[in-house]
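> Input sequences plus hints: build the corresponding full structure.
Chains L and W are the protein sequences, given in the same order. If you read the first sequence in my numbering, its first letter stands for residue 835, the second for the next number, and so on. If you read the second sequence in my numbering, its first letter stands for residue 8, the second for the next number, and so on.
In case anyone wonders, no lab produced these hints; they're calculated from the structure. A hint or two may mislead.
[Unchecked claim] List of simulated lysine to aspartate or glutamate pairs, EDC-like, C-alpha gap at most 20 Å: (1) W/K108 <-> L/E933; (2) L/K913 <-> L/E856; (3) W/K120 <-> L/E893; (4) W/K8 <-> L/E856; (5) W/K120 <-> W/E22; (6) W/K24 <-> W/D91; (7) W/K108 <-> W/D91; (8) W/K64 <-> L/E933; (9) W/K44 <-> L/E933; (10) W/K44 <-> W/D91; (11) W/K44 <-> W/D76.
Here the structure is a predicted model, which is why all the values come from computation and not from measurement.
Single-letter residue listing:
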Amino acid sequence: SQTIHQWPATLVQPVGSPLSLECTVEGTSNPNLYWYRQAAGRGLQLLFYSVGIGQISSEVPQNLSASRPQDRQFILSSKKLLLSDSGFYLCAWNRVIYEQYFGPGTRLTVT
Amino acid sequence: KNQVEQSPQSLIILEGKNCTLQCNYTVSPFSNLRWYKQDTGRGPVSLTIMTFSENTKSNGRYTATLDADTKQSSLHITASQLSDSASYICVVSHGSSNTGKLIFGQGTTLQVKP
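Rendered as structure tokens:
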């Protein structure tokens, strides 16, 4: 069966510090991968998606970037965090179009 | 503009009672509609998925309905339990998307009290 992992589960970082969140998927190959952010009391906002290694599409201009160094690995990064980057970050994957499975999430607090 | 709107924004009910959550969408072309349950601090988990040709789908005490003509869906929870306390998110797939991008509602926060 397929599983999706995210780490860390929680993170507290000062403004201006770098960020690296990791997502890995097991039990499947060549998945589509997605990064979402969920601000407190808000809906999910798609940040990036990837249909293959090295292929990244950005949905909104922002302080973040994404990379896909391996087939089942998706990384969300920032060189300098802003207060507005705080939120709940979710990674998701699918193989079949319109199916989507979410990871457990990372709670990021920028102080 | 492709949008998904949910109501109410929040809801409090007593354990054992039924409730219905609403979802209206303006996504076109429409592919399918899914209801997710998201526990606090966790990732969303799929409850049901319906295509335009399906009117009703059940998953235990959860029953989703879809009216593709009026572009409305509802999620009915029967005999609520404390564990039903969560956010319920309506998600619509855009029919022309080839990357699986979804359009999310803001969610309805349900609190079940003893």
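> Check each numbered hint from earlier against the structure, then list the numbers of those it violates in ascending order.
3, 4, 7 and 11
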